[in-house]
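Enquirer: Single-letter residue listing:
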Amino acid sequence: MARGIKDKVAILGMGCSKFGERWDSGAEELMLEAYKEAIADAGIDSKQVNAAWFSTAIDEVHVGKSGIPLSTTLRLPNIPVTHVENMCASGTEAFRGACYAVASGAADIALALGVEKLKDTGYGGLPGGRGGPLQALWSANGTAPGNFAQLATAYMTAHGVSAEDLKKAIGHVSWKSHQNGAKNPKAHLQKAVEMETILNAPMIASPLGLFDCCGVSDGAAAAIVTTPEIAKAMGKSNIVSVKALQLSVSNGSESGHNSWDGSYFHTTRIASKKAYEEAGIKDPRKEVSMFEVHDCFSVTELVTMEDLHISKPGEGWKDVLDGFYDADGTIPCQIDGGLKCFGHPIGASGLRMLYEMYLQFQGRAGARQLKDPRIGMTHNLGGAPRENVSSVAIVGRYE
Amino acid sequence: MVGIVAYGAYVPRLRLSRQAVYDANKWFAAGLRGLAKGERSMANWDEDSITMAVEASRDCLSSHKAEDVRNIYFASTTHPFKDRQNAGVISTALSIEQNLSASDIGGSLKAGTQALVAGLNACKNGGPSLVAAADKRLARVASSNELNYGDGAAALLCGTENVIARLVGHHSVSMDFVDHFRGDETDFDYGWEERWIRDEGYSKIVPPAIKAALAACKLKGTDITQFIMPSLMPAVPKQMAKACGVAEGAVRDLLGATLGDTGCAHALVMLVDALETAKEGDRIMVVAFGQGVDVLVFEVTAENAKLPKRMGVSGWMKRRKEEKNYMKFLAFNEMLPIEKGMRAEFDKKTALSVLWRKRDMIYGLVGGKCKVCGTVQFPRSQVCVNPNCHAIDSQEPYAMAGLEASVMSFTADSLTYSPDPPAYYGMITFPEGGRFMADFTDSDKEQVKVGAKMRMTFRIRDNDTMRGGFKRYFWKAAPA
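Each protein sequence line maps, in turn, to chains A and B.
Each residue of the first sequence is one higher than the last, beginning at 1 in my numbering.
Each residue of the second sequence is one higher than the last, beginning at 1 in my numbering.
I should point out that these hints are in silico values taken from the structure, not numbers from a laboratory.
Fair warning: there could be bad hints in the mix.
With a Cα cut of at most 25 Å, we get these calculated DMTMM-like pairs of lysine to aspartate or glutamate [stated by the list, open to error]:
1) Lys449(B) - Glu60(A)
2) Lys340(B) - Asp120(A)
3) Lys449(B) - Asp120(A)
4) Lys348(B) - Glu60(A)
5) Lys119(A) - Glu345(B)
6) Lys445(B) - Asp41(A)
7) Lys449(B) - Glu315(A)
8) Lys65(A) - Asp347(B)
9) Lys471(B) - Asp184(B)
10) Lys309(B) - Glu161(B)
11) Lys340(B) - Asp444(B)
12) Lys449(B) - Asp261(A)
The task is simple: from the sequences and hints, build the whole structure.
Expert: Structure below.
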């Protein structure tokens, strides 16, 4: 295996806008809101940024193509800006680009910034109608909830889990995120919700009800990265460093070959295994302090915790119901409210997850601060269970 | 010997309750009460005359090789395209292209019999002819037509070998008797008074034509054992038969109680219905009226009993779901300005160049089979999908439309736009290999389960109304 990224990159500063239905802001204002916080946190100015990576996923409804929107909005000093898009994993991809630039020595300080302004479409939910002219002729006319609902039906079939048990478990996933989101002033949804309300909510795509689906939010998040040596030289303490960055992309076997049963994320299993190796983690269930995973839908989170090799296959639902991932559980998951409540401005989401890790490791997470977290994993998934990009990052204290 | 060698039919699953229609409209048209009996077939929102003709043709060709067909005639008064050969869509869906002459025939309720005459003539020297007829006619709200019409299709394979019904003879007259018409500025028929049609039309045009046909066939009226004649006036076929010496017992039921009148397809639908139970020696007369009249006489041979079982009219009639929701009928037929929401606004523009390159995949549901590892896959791609193979340029075309699939996962989606929400779709797998995320159709909550067996059916996927109604067709999965 390659030598990997472990401890080669430190986070110098981070910022995150308030997420939500930001009727007051366009993508540009959101970008600047996150950037101002990040640059103040890093203690640098724009002239010190050597290169930038800019992530969006549905830019056709807000900023459009290229690196120009970022460069123009921030008035960056004509540095390289790369626009990255890898569906809902775009934010982690921007971070990966910036980290690789620093680790290679090509840049001393690099910026990753992700944004999505979705609430200018006139309707709820994600804009549809993407995919090329061939896909439009044959692939089912589905939505994200419909695609992920099928993860639930396949999971129940594969593991013999009853519809009632699964509904309760995924209900608990959302209940927990609402509990956590209520303590996060930047979250889109900051209200705890009763279990009964969750279970009786209207159906969106069976078996997923309203509370099983994350909302559509506007927001931006940013990370400024450098090497641990430069961070130290700048007088930083409590340094948070990158331990692993892995990405696994479907090659069509799940969607086209009968070897996949639909009940798990093939790519997440691969990416997380490689990440643990890269970070030198032997027993993740014991070593990882916290998770921020891609809970676009409640069932996604449940299944992901198995594919990250934390819960055993077919038993994630039991861990969930046991409170293993609750704020006061063994490994808190979505302590910031997750996509479900913090929100899901797509291109920003991966960076938002890292933002929470960064705050937690620095002891700056306020009412939701965990006790002494050391290692955290983010998981950022784009696409559908049958065809996706699965991105994981491990970050932790630099020791 | 020239004649029919195979038959098939198609009737949509939904049957609209006429009482439900009447209940909605009686405040306005109380006079329709007499028609408020039984049910009529009702196409699903994703069915039109092309899709129904494809299904009937598949039924017909279940015992024969599609690639042997040399001529195809598609009769309809509701062809989805005015300029773009509708028969060509059918032949592509059946994976027939080479050595094929295709024609659309329309413009009259005898288009079905005209197509049959053309098919019989062509097969004498040009190989087997497939004759398909389908209609999905719209009618004004609270009209008698709305209650009388039905949607459906029939297909007949004409040939010279193993003939099940020999053509004894035929006779046609053509005259511009306008009992009704549909101008190009409307979707609806406009008709004249029924009694005039009966007295000046049927009574004066049909009997002489029947008598001429009988004379040409050297037969008497009493020789006819099955008399087929569609009409919206149920008494008329019996009157015509009587006028020509055909026994009243020979007059076939019009299928009005459970199906309705399927337009120019109806004579052929009734013929298929008759052939399903016909005995050797039966003499079947088919009469179709519409700006003249066509009369064809067939004699059933011993081969009819040997024809492998198929759905036919009776099989599709048994696959039935009652529909009492008249509003749904109106919405499916775009006769109700229903609020579809912004999700219905997504552009449905079809890249015609892509459609042409991928026509076997899209219209024929042709996938690939890897020559190296044997894996069947859809779509066919350049690199084999089998994770243990990944051979390059190794796949041969593999037809999948006729294979039974099963449901691996599914959902009922209330968010996506569908004319019939919730939208059922899911991953379907083929036992031979291959899978894809397919739209489901003709599906109810009770039927769609993991492991359920599904049959592929050719349907409308989208309608590009921004460009005048370009229908996108593809295959969907329906409960088997």
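Enquirer: Hints first: check each against the structure and report whether it holds.
Expert: Cross-check of the supplied hints:
1. Lys449(B) - Glu60(A): With Cα atoms ~37 Å apart, lysine 449(B) and glutamate 60(A) exceed 25 Å; violated.
2. Lys340(B) - Asp120(A): This hinted pair holds, its Cα atoms lying about 19 Å apart.
3. Lys449(B) - Asp120(A): violated (38 Å)
4. Lys348(B) - Glu60(A): holds (17 Å)
5. Lys119(A) - Glu345(B): OK: lysine 119(A) and glutamate 345(B) at ~17 Å, within 25 Å.
6. Lys445(B) - Asp41(A): Given pair lysine 445(B), aspartate 41(A) is violated - Cα atoms ~54 Å apart, limit 25 Å.
7. Lys449(B) - Glu315(A): Holds, at roughly 23 Å.
8. Lys65(A) - Asp347(B): holds (20 Å)
9. Lys471(B) - Asp184(B): holds (19 Å)
10. Lys309(B) - Glu161(B): Since the Cα atoms of lysine 309(B) and glutamate 161(B) sit roughly 18 Å apart, the hinted pair holds (cutoff 25 Å).
11. Lys340(B) - Asp444(B): holds (21 Å)
12. Lys449(B) - Asp261(A): Answer holds: lysine 449(B) to aspartate 261(A) is near 15 Å, not above 25 Å.
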